[in-house]
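Based on these hints, arrange chain B on the given structure of chain A.
There are 2 protein chains.
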Amino acid sequence: MIQERLTRLRDKMEAADVDCCLIPTSDDHDSEYVSGFFTVRRFFSGFTGSAGTLVVTGKEAALFTDGRYFIQARKQLAGTGIKLMEMGEPDVPTLKEYLEEQIKEGQNLGFDGKVVQAGEAAEYEEILQKKQGKVIWDFEPAEGIWQDRPSLPHAPVFRLEECYSGESLADKLKRVRQEMEKEKADVHIITSLDDIAWLFNLRGSDIDHCPVFLAYAVIRMDEVLLFADKREFGEVVFADEVKGYLEENGVTLLPYQDFYRYVASMDGIRALVCKGRMNYRTDRLLEGRLEVVDRINPTTVMKAVKNQTEMENLRKAHLKDGVAVTRFMYWLKTNIGKLPMTEITAGRYLEQLRKEQEHFIEPSFETICAYGANGAIVHYSAKEENCAVIEPKGFLMVDSGGHYLEGSTDITRTFVMGEITKEMKEHFTLVLQAMLHLRSTRFLYGCKGLNLDIRAREVFWERGLDYKHGTGHGVGYLLNVHEGPNSFRWKQIPGGVESAVLEEGMVTTDEPGIYIEGSHGIRTENELLCRKGEKNGYGQFMYFEDLTWVPIDLDGVDVSLLSEKERTQLNDYHKIVFEKLNPYFTNEELEWLKEATREV
Amino acid sequence: MIQERLTRLRDKMEAADVDCCLIPTSDDHDSEYVSGFFTVRRFFSGFTGSAGTLVVTGKEAALFTDGRYFIQARKQLAGTGIKLMEMGEPDVPTLKEYLEEQIKEGQNLGFDGKVVQAGEAAEYEEILQKKQGKVIWDFEPAEGIWQDRPSLPHAPVFRLEECYSGESLADKLKRVRQEMEKEKADVHIITSLDDIAWLFNLRGSDIDHCPVFLAYAVIRMDEVLLFADKREFGEVVFADEVKGYLEENGVTLLPYQDFYRYVASMDGIRALVCKGRMNYRTDRLLEGRLEVVDRINPTTVMKAVKNQTEMENLRKAHLKDGVAVTRFMYWLKTNIGKLPMTEITAGRYLEQLRKEQEHFIEPSFETICAYGANGAIVHYSAKEENCAVIEPKGFLMVDSGGHYLEGSTDITRTFVMGEITKEMKEHFTLVLQAMLHLRSTRFLYGCKGLNLDIRAREVFWERGLDYKHGTGHGVGYLLNVHEGPNSFRWKQIPGGVESAVLEEGMVTTDEPGIYIEGSHGIRTENELLCRKGEKNGYGQFMYFEDLTWVPIDLDGVDVSLLSEKERTQLNDYHKIVFEKLNPYFTNEELEWLKEATREV
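Sequences listed follow chains A and B, in order.
End of the first sequence sits at 1518 in my numbering; the numbers just go up one at a time, nothing left out.
End of the second sequence sits at 1518 in my numbering; the numbers just go up one at a time, nothing left out.
It is worth saying that the hints were derived from the structure and are not from the lab.
Just to be clear, a hint being listed does not mean it is correct.
Note that the list lumps identical chains together, so a pair holds whenever it fits in one copy or between two copies.
What the hints assert, rightly or not - The calculated lysine to any residue pairs, modelled on SDA-like cross-linking and capped at a C-alpha distance of 25 Å, are:
id : residue 1 : residue 2
1  : 1090      : 1007
2  : 1483      : 1344
3  : 1483      : 1383
4  : 1102      : 1012
5  : 1453      : 1436
6  : 1450      : 1010
7  : 1102      : 1051
8  : 1450      : 1380
9  : 1340      : 950
10 : 1273      : 1180
11 : 993       : 1434
12 : 1498      : 1410
13 : 1386      : 1403
14 : 1102      : 1019
15 : 1493      : 1380
16 : 1453      : 1294
17 : 1450      : 1484
18 : 1409      : 1358
19 : 1001      : 1012
20 : 1450      : 1368
21 : 977       : 1380
Here the structure is a predicted model, which is why all the values come from computation and not from measurement.
Bound conformation, chain A alone (with noise of 0.2 Å):
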């Protein structure tokens, strides 16, 4: 089925003068994860990854992805003659030389400029320029391929009051507008769905698991439009509260699909853009015309730093969250072995026990629920037809979160469901001690995720081990559950963003982990609160208070390898789990709670 279709589009491609044809992973909104309209390099790959870029050209086909998709992306290609380019690693080349490599002189390359962001395709100019072959950005790869394809998502936007947000529209615009100031420019286009949804203090559901709705927006320092209305797909996307609430606050709203149009007429004015995260076709209409300051979008940075509502919030939702992901523990360890249970079954049993929590709207991400090797697969997704059943032996992974109106959750617990191996205790120790690390730093202000993140993996790499992730990523506020700018990571990835400096308000996870492939895999994960600490004439030390709050399976911990100073860290940090829990247990669940948080 894959070599049909990579077949009808390398006919598609000799029609259009296309030698090498770029699909990468990407709605028209640089959007991390896509809804089913934008999912064509899955399409034409079968590699259901949630990051991963397709090169096709007449003769090879090669899929580039990172760590996280290596041994899913080995069986998802099996068969299909499609490459893997495992990114990262020793004599792999980039996608860039990639590209240098098979691009003859002459060639052209094609992709459909709306999924390809600007900072990315100046490198492809460059790479076609060399080569005196030219950029095709208007190939749509799928058009006229893809029969069924799922149509654009069109879902109510709600509005996010501020008691939530914590900052009025108003409030964002007059600081995006003197961010604009500073640059000296006349307008500000925003194409990132999260950043549109933060700064209008809007949600919506036009992405799984991604409470933004699709638009774009354009802020000048009179005017405020926004591209979003779709009612010509017959549904009510904006309630008439929501259009009073932007009419009150000067917002226009307008049809989405005239804003290239818009872009077009625009002229002879100075431009606040983020080139790596609007789209070239996009570039493309402005090129020329307008004068372009090229820089990250304000509200970017904004978003990160969380306000002192937001950070009050962020606990609530994270003591509610906590509470659903106990019970499951619970549930877990007091019942494998008497019910049957299995990857799937356990997973939608964890979404009812948060579906319980007050203002919980949906998982925040899709569930990873592995059980025994199929733990070792970074990103594993159980399917109903083939999941694994859960025995009383191994480890259970379980990766989850929720969204809240109080903000959005992200934890990953590894369960022991009965017998492990010695290594296997060695190895969830490992991890423990690499999360506690990272989470028990204090740092001088100025620190960035790059500096930081061999707190955790040192455990690792003394023993000559590693996992091929980063250590965290930045969480957004009822928002995307992996945000920018701000992570824990030591290697950039080539043309991936820097690690932001970490301010106060920044929430970042904190999940080392390990994967034996074919045998296990273990990763623990809180979410840390960046803090102020004491300020002296050294600096201003920063911390990282706790969100998370569910035990850590003590049957996983070899208790002996602990220093002194990682036990009294497991300890303290238990005392508090059972603080905060224990109102909303009792009986036989109080009792284990009080099992599971003992002092060891």
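Same frame as chain A, but now just chain B:
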């Protein structure tokens, strides 16, 4: 005196239409340390530190320097009216910000383009463009004001045999030309002295403690020009043997002062240069006539990675250096309270001991021998007239090194001279822990010093403490004791170079410290050689080999504060120190060495 000089400078500025004058610490070759002729910043400010930039306007004068020099600069600037700008501190503007603030609309900035690097000057041009003023880059502040200015140095140049350099000039040229080919460059211009000395396998002594010689080099595919002859000074800089060697290798030796004339005559070709280390005058002469490829000099990267011969030699150099410094430690510890000692006489005695070692050439930098509170002045330099008398109490910190034919060394030990307080002992132990942690780090290939710095700093940050300098710097091979591109630091100094990926063969110091103003200073420094370790599915692991072998004063260590692991590391290190050094010690010295390296 300083005020008078500044008055004369301001008169000169007015005459030349210069509103703001910039005086950096550099020579025409971007050397870190400069020979007397180039100490213009010192002449006008009185500040003797090795790093700093003086900015003089009609009304104000300000000196920018970094954390190593805050205490020293505060003392030396007192009464001069010059403002101290403590770089990197909160609320202190960067040099660029300060210039933007000081230079008014339509005003001009003046400096000597020979002592400002091209990359840096580009930033000044940008500011002046905004201000609609101009950069006057042929303004030489000292000319006509500095009467008794020292002359340009012109010391003899000698050849470093291949048994020391490990690679012939011919082979090095071949590698440089390969890099030129990659960049499609017709010519490569090198103006930095350490790059030139390394490439030609020549050494000199034109700058105190830096075995380099004033020169410029021009490499073409079929020609090599070395502008270094100084016959007009009446000195034999190049002996016949060296001239013969250069001739054999196809190198044309030309007068030093002919370089700028030559550059002004180049035309229509593509030149590889490193603007970050090439002066602005050269840049201006090339501008518009040559196509310039700006990147780090190939030789900078090559010389940082020591070859097998250099590594083997370095082990020998450090053993000799270890014998000298350990003998010094014995002398100090056994004679304190019996023999009179000052910072100056102790430093001289150490130099004497180094001189007894075979192939010793000179100290690799000005010895820092700092007693008591002077130890808190990071780059303290004892002066004959007011140096401290060493008493049988407190700490003596000695940071010193030697140039040998087998390489350069840099070591710091802090010695306990008698009674110390509990806090002092805690601090000493903390510094030791920091040094041990970084030294024992294993890491995946691809890490930079930026990733690893926290390994040393974490024990300080945990306690709300810090040291205001990088944790370590690269070290040249019989070259500059501070050498890029490798380093250990967590923060980028604006305009500074990025710390490079650590490669096998790179030598970096590991030198955390603590500085309590008015009380004490402690620093412990070993040099680390980066090595390849295990390679497995996770990647290429790297580790550090110790180069430095001198006991760490156990009188300063509170063993109860060490973890089991730290104690083992310390004992293991001392065991090897004893094994390596004991053949060179006899009788009481040997007994003492046994005790000084005992297991704790």
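Hint by hint, here is what the structure shows:
Proximity of residue 1090 to residue 1007 under the C-alpha cut-off of 25 Å is found in neither arrangement, the shortest distances being 42 Å within a copy and 30 Å between copies. For a Cα distance limit of 25 Å, the shortest separation of residue 1483 from residue 1344 qualifies both inside one copy, at 18 Å, and across copies, at 18 Å. For the identical chains of this complex, residue 1483 and residue 1383 are neighbours both inside a copy (23 Å) and across copies (19 Å), given an alpha-carbon limit of 25 Å. In this homomeric assembly, residue 1102 and residue 1012 come within 25 Å of each other (Cα to Cα) only across copies, at 22 Å, whereas the closest approach inside a single copy is 37 Å.
In the homo-oligomer, the alpha carbons of residue 1453 and residue 1436 lie at most 25 Å apart only across protomers (21 Å), although the nearest pairing inside one protomer, at 49 Å, exceeds that limit. Taking CA atoms no more than 25 Å apart as the test, residue 1450 paired with residue 1010 passes between copies only; the shortest distance there is 20 Å, against 41 Å inside one copy. Taking the shortest alpha-carbon separations for residue 1102 and residue 1051, only the inter-copy value of 21 Å comes in at or below 25 Å, while the best intra-copy value is 36 Å. Taking CA atoms no more than 25 Å apart as the test, residue 1450 paired with residue 1380 passes between copies only; the shortest distance there is 14 Å, against 31 Å inside one copy.
Proximity of residue 1340 to residue 950 under the C-alpha cut-off of 25 Å is found in neither arrangement, the shortest distances being 38 Å within a copy and 55 Å between copies. Proximity of residue 1273 to residue 1180 under the C-alpha cut-off of 25 Å is found in neither arrangement, the shortest distances being 42 Å within a copy and 78 Å between copies. Taking identical chains as interchangeable, the C-alpha atoms of residue 993 and residue 1434 lie at most 25 Å apart only when both belong to the same chain, with a minimum of 16 Å there against 60 Å between chains. When the C-alpha separation of residue 1498 and residue 1410 is checked against a cutoff of 25 Å, the pair qualifies neither within a copy, at 38 Å, nor between copies, at 41 Å.
Taking CA atoms no more than 25 Å apart as the test, residue 1386 paired with residue 1403 passes inside one copy only; the shortest distance there is 20 Å, against 27 Å between copies. For the homomeric pair residue 1102 and residue 1019, the shortest alpha-carbon distance between copies (19 Å) is at most 25 Å, but the shortest distance inside one copy (41 Å) is not. Taking the closest pair of Cα atoms, residue 1493 and residue 1380 come within 25 Å of each other only across two copies (22 Å); inside a single copy the shortest separation is 30 Å, beyond that limit. For the homomeric pair residue 1453 and residue 1294, the shortest alpha-carbon distance between copies (21 Å) is at most 25 Å, but the shortest distance inside one copy (42 Å) is not.
For the homomeric pair residue 1450 and residue 1484, the shortest alpha-carbon distance inside one copy (23 Å) is at most 25 Å, but the shortest distance between copies (30 Å) is not. In this assembly of identical chains, the alpha carbons of residue 1409 and residue 1358 lie at most 25 Å apart whether taken from the same copy (22 Å) or from different copies (20 Å). In the homo-oligomer, the alpha carbons of residue 1001 and residue 1012 lie at most 25 Å apart inside one protomer (14 Å), although the nearest pairing across protomers, at 49 Å, exceeds that limit. Taking the shortest alpha-carbon separations for residue 1450 and residue 1368, both the intra-copy value of 19 Å and the inter-copy value of 22 Å come in at or below 25 Å.
Proximity of residue 977 and residue 1380 under a CA criterion of 25 Å is satisfied in neither setting, with 44 Å inside one chain copy and 57 Å between copies.
Of the numbered hints stated above, those contradicted by the structure are hints 1, 9, 10, 12 and 21, listed in ascending order.
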